[in-house]
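Build the full structure now, drawing on both the sequences and the hints.
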Amino acid sequence: MNLSDFLVVSALLFMIGAYGAFTRKNAIAVILSIELMLNAANLNFLSFWRFLHPSSMEPQIFVLVGITLAAAEAAVGLAVILNIYRDFGTINVEDISLLKG
Amino acid sequence: MNSIDSHLPFLIMSALTLGSALVVVRVRNIVHAGFWLLPCFLGVAGLYALLQAHFFVVVQVLIYVGAILVLMLFALMLTQDVMNPNKPQTNRMSLPIGLFCVVFAAGVAAILTGHQWMNSRDVILPANVQTRQLGQALIGEYALPFEIASVLLLAALVGAIVLAKSEKEPAPLPLPSLEALPDSKPE
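Read top to bottom, the protein sequences are chains U and C.
Going by this note's numbering, the first residue of the first sequence is number 1, and it counts up by one from there.
Going by this note's numbering, the first residue of the second sequence is number 102, and it counts up by one from there.
Because the hints were derived from the structure by calculation, they are not lab data.
You may find that some hints are simply not true.
Stated by the list, open to error - Just a sample of chain U residues kept apart from chain C, beta carbon distances all over 10 Å, derived:
| id | residue |
| --- | --- |
| 1 | His53 |
| 2 | Leu98 |
| 3 | Leu99 |
| 4 | Lys100 |
| 5 | Gly101 |
Claimed, not checked - Below, computed lysine-lysine pairings styled on DSS-like, alpha-carbon distance capped at 30 Å:
| id | chain 1 | residue 1 | chain 2 | residue 2 |
| --- | --- | --- | --- | --- |
| 6 | U | Lys100 | C | Lys266 |
| 7 | U | Lys100 | U | Lys25 |
| 8 | C | Lys266 | U | Lys25 |
| 9 | C | Lys188 | U | Lys25 |
| 10 | U | Lys100 | C | Lys188 |
Unchecked claim - With beta-carbon atoms standing in for the labels, derived distance ranges:
| id | chain 1 | residue 1 | chain 2 | residue 2 | range |
| --- | --- | --- | --- | --- | --- |
| 11 | C | Gln234 | U | Glu94 | 40 to 50 Å |
| 12 | C | Val162 | U | Glu73 | 16 to 26 Å |
| 13 | C | Val259 | U | Asp95 | 22 to 32 Å |
| 14 | C | His155 | U | Asn2 | 33 to 43 Å |
| 15 | U | Glu94 | C | Gly120 | 40 to 50 Å |
| 16 | U | Arg86 | C | Asp106 | 36 to 46 Å |
| 17 | U | Arg86 | C | Pro110 | 39 to 49 Å |
| 18 | U | Asp95 | C | Val132 | 14 to 24 Å |
| 19 | U | Asp95 | C | Met219 | 49 to 59 Å |
| 20 | C | Arg129 | U | Ser56 | 38 to 48 Å |
| 21 | U | Glu94 | C | Ala228 | 26 to 36 Å |
| 22 | U | Arg86 | C | Leu253 | 18 to 28 Å |
Note that CB positions come from ideal geometry on N, CA and C, so glycine has one too.
In structure tokens:
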């Protein structure tokens with residue numbers, strides 16, 4: 001198994017996440033799909049680290065910051081969605097069109 | 102060359118990750134989608150283990166499975182009544198976007214497999230040395246990104262609490278004794 005195999009898995013995971021983020025109606029399902037994409041990015045970083053630069057530290061720092069970002073994004077995103085649910089009574093992203101021109 | 106010789110574990114972990122990710126984006130019941138995220142995250146942890154990133158296997162299970170997934174399921178169960186699982190859960194652009202994603206993924210996969218990657222010949226350090234180096238880098242050379250990440254987490258924590266806090270006073274719960282007395286009901 002070489003670098004390209006891991007990168008292909010990561011690319012497929014990212015595209016599955018992108019598909020979910022673009023097509024899902026439920027706002028929380030959109031956040032689930034974004035988590036899939038962030039996982040794909042972390043997998044990419046660690047694959048490059050393992051095969052190209054196993055002695056350098058930077059990729060691992062990047063992954064650590066990426067996981068932190070994912071946690072922050074999930075917390076704030078879910079708080080926003082709970083607020084929307086309280087105000088609109090729905091979390092269907094097609095019904096939340098207050099800013100639509 | 103530093104390639105990984107174990108083919109079967111890689112195939113199992115990839116199939117687990119991608120298969121459950123597909124279920125997550127396609128299944129109609131949103132709570133099931135949340136639960137299908139668990140094998141997906143565990144599969145990614147298995148891929149990290151194959152890559153010998155030992156510290157991140159633990160971090161993946163602790164943060165993603167232990168924290169983020171539980172948070173997601175919590176929010177899913179708070180709001181699950183508003184989406185009827187018998188209706189379609191995807192918008193009408195689902196087919197063209199799916200075709201685009203398949204074509205794009207196939208193109209990226211073709212480019213990635215066609216490229217000749219030069220594997221590094223450096224040795225992969227054992228888990229204890231690797232993790233010690235990461236910890237020393239986090240308090241030494243990379244202290245600034247580490248501190249910025251902690252400030253970001255604090256800001257996200259405060260922001261999430263402020264956003265989720267309701268501005269109105271919660272309505273008082275009706276007491277069961279009041280229903281027995283029709284006179285005391287408000288007009």
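A quick look at each hint next to the structure:
Not every Cβ of chain C is farther than 10 Å from the Cβ of His53 (chain U); the closest lies at roughly 6 Å, contradicting the non-interface assignment. Under the 10 Å C-beta cut-off, the non-interface status given to Leu98 (chain U) relative to chain C holds; the minimum distance is some 17 Å. Listed as a non-interface residue, Leu99 (chain U) keeps its Cβ farther than 10 Å from every Cβ of chain C; the least gap is roughly 18 Å. Against chain C, the non-interface label of Lys100 (chain U) holds: every CB pair exceeds 10 Å, the least being about 14 Å.
For Gly101 (chain U), the requirement that its beta carbon stay farther than 10 Å from each beta carbon of chain C is met, with the minimum near 19 Å. Of the supplied pair hints, the one linking Lys100 (chain U) and Lys266 (chain C) holds, its CA atoms being roughly 26 Å apart against a limit of 30 Å. Of the pairs offered as hints, the one joining Lys100 (chain U) and Lys25 (chain U) holds, with about 17 Å between alpha carbons and a cut-off of 30 Å not exceeded. Between Lys266 (chain C) and Lys25 (chain U) the CA atoms are separated by roughly 25 Å; this keeps the pair inside 30 Å, and the hint holds.
As the CA atoms of Lys188 (chain C) and Lys25 (chain U) are separated by approximately 11 Å, the hinted pair is consistent with the 30 Å bound. Between the alpha carbons of Lys100 (chain U) and Lys188 (chain C) the distance comes to roughly 24 Å, so the proposed pair stays at or under 30 Å and holds. Checked against the given bound of 40 to 50 Å, the beta carbons of Gln234 (chain C) and Glu94 (chain U), roughly 49 Å apart, stay inside it. A C-beta distance of roughly 19 Å is found between Val162 (chain C) and Glu73 (chain U), which places it inside the suggested range of 16 to 26 Å.
In this structure the hint that Val259 (chain C) and Asp95 (chain U) lie 22 to 32 Å apart at CB holds, the actual value being about 29 Å. Checked against the hint of 33 to 43 Å, the C-beta distance between His155 (chain C) and Asn2 (chain U) comes to roughly 21 Å, which is inconsistent with it. At about 28 Å, the CB distance of Glu94 (chain U) to Gly120 (chain C) disagrees with the hint of 40 to 50 Å. In this structure, Arg86 (chain U) and Asp106 (chain C) break the distance hint of 36 to 46 Å, their C-beta atoms being roughly 54 Å apart.
In this structure the hint that Arg86 (chain U) and Pro110 (chain C) lie 39 to 49 Å apart at CB holds, the actual value being about 46 Å. One distance hint, 14 to 24 Å for the beta-carbon pair Asp95 (chain U) and Val132 (chain C), holds here, with the actual separation near 20 Å. Separation of Asp95 (chain U) from Met219 (chain C) is about 51 Å and conforms to the stated range, judged on CB atoms against 49 to 59 Å. Remark: the range hint 38 to 48 Å for Arg129 (chain C) to Ser56 (chain U) is upheld by a beta-carbon distance near 45 Å.
Distance hint check: the CB atoms of Glu94 (chain U) and Ala228 (chain C) are about 47 Å apart, inconsistent with the given range 26 to 36 Å. Between Arg86 (chain U) and Leu253 (chain C) the beta carbon distance is about 26 Å. The supplied range of 18 to 28 Å therefore holds.
Of the numbered hints given earlier, the model fails hints 1, 14, 15, 16, 21; all others are met.
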